[in-house]
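Please work from the sequences and hints to get the whole structure.
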Amino acid sequence: MSLKSSTRQVDGITVLDLSGRITLGEGSVVLRDVIREVLGKGEKKILLNLGDVTYIDSSGIGELVSAFTAVRKEGGELKLLNLTKKVHDLLQITKLYTVFDVKDDETAAISSFTK
Amino acid sequence: MVMMANRVAYTLDSTLDSVNKVEQTAEQLAVKVGFAEDDLHKITMSVREAAVNAVLHGNAYDPSKKILVAYETSPNTLAITITDEGKGLSEDEVPDPLAEENLLKTSGRGIFLIRSFMDEVHIRDLHPGTEITLVKHVSAPETDAKEQ
Numbered sequence: 208m209s210l211k212s213s214t215r216q217v218d219g220i221t222v223l224d225l226s227g228r229i230t231l232g233e234g235s236v237v238l239r240d241v242i243r244e245v246l247g248k249g250e251k252k253i254l255l256n257l258g259d260v261t262y263i264d265s266s267g268i269g270e271l272v273s274a275f276t277a278v279r280k281e282g283g284e285l286k287l288l289n290l291t292k293k294v295h296d297l298l299q300i301t302k303l304y305t306v307f308d309v310k311d312d313e314t315a316a317i318s319s320f321t322k
Numbered sequence: 038m039v040m041m042a043n044r045v046a047y048t049l050d051s052t053l054d055s056v057n058k059v060e061q062t063a064e065q066l067a068v069k070v071g072f073a074e075d076d077l078h079k080i081t082m083s084v085r086e087a088a089v090n091a092v093l094h095g096n097a098y099d100p101s102k103k104i105l106v107a108y109e110t111s112p113n114t115l116a117i118t119i120t121d122e123g124k125g126l127s128e129d130e131v132p133d134p135l136a137e138e139n140l141l142k143t144s145g146r147g148i149f150l151i152r153s154f155m156d157e158v159h160i161r162d163l164h165p166g167t168e169i170t171l172v173k174h175v176s177a178p179e180t181d182a183k184e185q
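Order-wise, the sequence lines are chains A and B.
Counting from 1 along the first sequence, just add 207 to a position and that's the residue number in our numbering.
Counting from 1 along the second sequence, just add 37 to a position and that's the residue number in our numbering.
To be clear, the hints were calculated from the coordinates, so they are not data collected in a lab.
Among the hints, a few may not be true.
In silico DSSO-like cross-links for lysine-lysine, where the CA-CA straight-line distance does not exceed 30 Å [what the hints assert, rightly or not]:
id, chain 1, residue 1, chain 2, residue 2
1, B, K142, A, K251
2, A, K310, B, K142
3, A, K211, B, K58
What follows is the structure, given as structure tokens:
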């Protein structure tokens, strides 16, 4: 199963609902393209909903890092929402859990963005 | 105690399709050996990382180069050996992905994840080529101790 994404706006925040696998190849490319597209529209406050992401490999982790740095470079904010246990554990052991702002409640996550 | 082992090996092209096949076969064998859900994920992810390294970093998608994948199962243990025909891998050249200065790098976590998830990892530089062997033992219930 490759990666699927859909975009919605909530109180000025771009929420990207992702589902599937973020792995080397198609999955990573889908994430890269959607981040590029959103930034291209000037939307710089992004919440990545990973609740339905079943699998991330090291390439996928790299793509998340790339998205994080790309958004930050534009002066924006990128946060993660609804990590599965597997993804949570991956971010823990790679020490990225402290780099990303990780949320588990969408309403609280939306409110946490700088207005 | 005599351990009966079964071994199967495949020669595959240096493609992402091969990576997926290597991962799927590992999962099927891991299920047969009897690994729990958590360990299945650790095994499939480690095997995927090793296969990606062989195809991408080792053989650089070169259609003239192949990867050899051998699976060996015995009661409570799965061992996977992946060999490429690339220039070879020196672990000394792999930066520590947990170092502060490397945390935001977009690559370089594969070997680290493999070592985190498997019980034994052996890497041999074949001059040229790299051989990596991953070993996982079925954990005893309610223990997560690693055996080396």
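### Query
Taking only the CA atoms, is the gap from B:K142 to A:K251 under or equal to 30 Å?
21 Å, holds
### Hint consistency between A:K310 and B:K142 [alpha-carbon to alpha-carbon, up to 30 Å]
23 Å, holds
### Agreement of A:K211 and B:K58 with the hint, judged by alpha carbon distance not exceeding 30 Å
22 Å, holds
Of the hints listed earlier, there is not a single one the structure fails to meet.
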